[in-house]
Amino acid sequence: MSTVPAFSVEGLGHRFGQRRALKDVSFSIAPGDFTVLLGLNGAGKTTLFSLATRLYAQSEGMIRIFDMDIRERPLDCLRLIGVVFQQPTLDLDLSVEQNLFYHCALHGLSHRDAARRIATEIERVGLVDQRRDKARRLSGGQRRRVEIARALLHRPRLLLLDEPTVGLDISSRQFLLDHVHRLCREDGIAALWATHLIDEVGEAARVVVLHRGEVRAVGAAGELLGKTQAPSMRAAFETLVQERAAA
Amino acid sequence: MKPIHYLRCLVGISMREWLRFLNQRGRFFSALVRPLVWLAIFAAGFHFVLGVSIIPPYETYIPYSVYIAPGLIAMILMFNGMLSSLSMVYDREMGSMRVLMVSPLPRWFLLTAKLLAGVIVSVLQAYAFLAIAVLWDIVPPWYGYITVLPALVLSGLMMGALGLLLSSAIRQLENFASVMNFVIFPMFFASSALYPLWHVKEASLLLYYICQANPFTHAVELVRFALYGRLEPVSAVVLVAVTAIFLTLAVYGYDPAKGLMQRRAAE
Numbered sequence: 001m002s003t004v005p006a007f008s009v010e011g012l013g014h015r016f017g018q019r020r021a022l023k024d025v026s027f028s029i030a031p032g033d034f035t036v037l038l039g040l041n042g043a044g045k046t047t048l049f050s051l052a053t054r055l056y057a058q059s060e061g062m063i064r065i066f067d068m069d070i071r072e073r074p075l076d077c078l079r080l081i082g083v084v085f086q087q088p089t090l091d092l093d094l095s096v097e098q099n100l101f102y103h104c105a106l107h108g109l110s111h112r113d114a115a116r117r118i119a120t121e122i123e124r125v126g127l128v129d130q131r132r133d134k135a136r137r138l139s140g141g142q143r144r145r146v147e148i149a150r151a152l153l154h155r156p157r158l159l160l161l162d163e164p165t166v167g168l169d170i171s172s173r174q175f176l177l178d179h180v181h182r183l184c185r186e187d188g189i190a191a192l193w194a195t196h197l198i199d200e201v202g203e204a205a206r207v208v209v210l211h212r213g214e215v216r217a218v219g220a221a222g223e224l225l226g227k228t229q230a231p232s233m234r235a236a237f238e239t240l241v242q243e244r245a246a247a
Numbered sequence: 248m249k250p251i252h253y254l255r256c257l258v259g260i261s262m263r264e265w266l267r268f269l270n271q272r273g274r275f276f277s278a279l280v281r282p283l284v285w286l287a288i289f290a291a292g293f294h295f296v297l298g299v300s301i302i303p304p305y306e307t308y309i310p311y312s313v314y315i316a317p318g319l320i321a322m323i324l325m326f327n328g329m330l331s332s333l334s335m336v337y338d339r340e341m342g343s344m345r346v347l348m349v350s351p352l353p354r355w356f357l358l359t360a361k362l363l364a365g366v367i368v369s370v371l372q373a374y375a376f377l378a379i380a381v382l383w384d385i386v387p388p389w390y391g392y393i394t395v396l397p398a399l400v401l402s403g404l405m406m407g408a409l410g411l412l413l414s415s416a417i418r419q420l421e422n423f424a425s426v427m428n429f430v431i432f433p434m435f436f437a438s439s440a441l442y443p444l445w446h447v448k449e450a451s452l453l454l455y456y457i458c459q460a461n462p463f464t465h466a467v468e469l470v471r472f473a474l475y476g477r478l479e480p481v482s483a484v485v486l487v488a489v490t491a492i493f494l495t496l497a498v499y500g501y502d503p504a505k506g507l508m509q510r511r512a513a514e
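From first to last, the protein sequence lines are chains G and F.
Under this note's numbering, think of the first position of the first sequence as 1, with each following residue one higher.
Under this note's numbering, think of the first position of the second sequence as 248, with each following residue one higher.
The hints are simulated quantities; they were obtained by calculation from the structure and are not laboratory data.
Just so it is clear, the structure is predicted and the values come from calculations on it, not from any experiment.
We treat Cβ as the ideally placed atom computed from N, Cα and C, and that holds for glycine.
Computed spacing ranges between beta-carbons, pair by pair: (1) F:Pro303 with G:Arg116: 52 to 60 Å; (2) F:Asn270 with G:Ala220: 47 to 55 Å; (3) F:Leu283 with G:Arg137: 33 to 41 Å; (4) G:Gln87 with F:Pro304: 50 to 58 Å; (5) G:Glu10 with F:Leu453: 58 to 66 Å; (6) G:Asp93 with F:Pro397: 26 to 34 Å; (7) F:Phe276 with G:Ile198: 48 to 56 Å; (8) F:Ser277 with G:Ser171: 39 to 47 Å; (9) G:Glu123 with F:Val258: 19 to 27 Å; (10) F:Leu283 with G:Arg71: 48 to 56 Å; (11) F:Gly273 with G:Thr3: 51 to 59 Å; (12) F:Tyr337 with G:Glu10: 35 to 43 Å.
Counterexamples of contact, computed for chain G against chain F with all Cβ distances above 12 Å: (13) Ser172; (14) Asp199; (15) Val218; (16) Gln242.
Assemble the whole structure, with the sequences as input and the hints as a guide.
Written as structure tokens, this is what we have:
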């Protein structure tokens, strides 16, 4: 198994004017890992994602995708990343298939390859019957499934998901979680799942706790429970984010 | 990435633009009706008010409707260029801009492809207008329909690049409306679209120079001459230069390192 991390950040910082959004953030994810980036709203999760996808320019620290510096080889890095943004990004006036073909074109895929991959991914997310429906007609959960299918079309090795389950019902949330876990397990994809919903942290998950732009803890969920002596992940999270505030 | 990947990306972006256009039939009709209203009402009303002397490329006295036809074609290109850019502001607010921006192709190429996709739609609308304008006896020589194509493309690129530049600087959709008013109307009226510039010169020398400096005037003149199989070299050079400047600035505006998107997030 490769020892090169799928995703690593070292000393990453970012400012919006006077406001510091990220400060000295460091952690890494191995291929096939499912890692939860846990933090409250405003913790800096979306800023980190925007830096990792080159929507914002990076000024402090380093981001590496499979050992490539994103500043030196941004396009090679982007080719390896699949992204599900926090904000819905489907074109609602286009059909599910048209949205997916558009994404394939943006990655330079041929029509034949695109058609084959779309058929596979759309089946995996259980939306074969809706493939010709306009995105506008889909439910929130179905739209998210399309976005995950879309993020996988160019066969990325790293999946970045920014609060993918916000606003979804329990069954849709569970479907997405199970689906991404399966992708990590079966396809060896590394996933960074940003959320503020603590119950999305499974017992086996690796967790990065981000609070006010700083990493408060990194480790397996069980390790964090042990370290904080907390009875639940919620209690562990509260302890970790309060530690420095109290100090 | 090889050239074929770039081509596929261009085709994909053009297809999306085309599908969006087909979905918005109102946009097509309003783009077509607007110049037709000018042609049917404005041109008829001003038919005897504005005397038009024999000026190149025309070889004889022409009706006013024939004079303003190139200006109305340029108007179609202008409105479509702006609307295409409006969709960029919309895309950014709706989030679909992010999908474009995380493509592993260079950003300058993605923006140029977006621009070209808009121009294809503009040119098709311009030809639709020319087809209907036959009813008003606006019939250039047959070869004019072919020679006008590069002029339409270049003018469309210039207007689209301007729109792209504006969209990179505009924060919200609401602001776009006011910019449209401050850009579209002055550009259209301070040009040779509605009246020959010698008329303007007689009225105000300052306004004449403003019209001469207006890139929209050059778009109108390039189209006017091209409809008669002639090249207006000064206008062509001006349009190429202005398009290059607008596009460079727009790419700069959308560059994350230069931070327009970032600055917006900070505000």
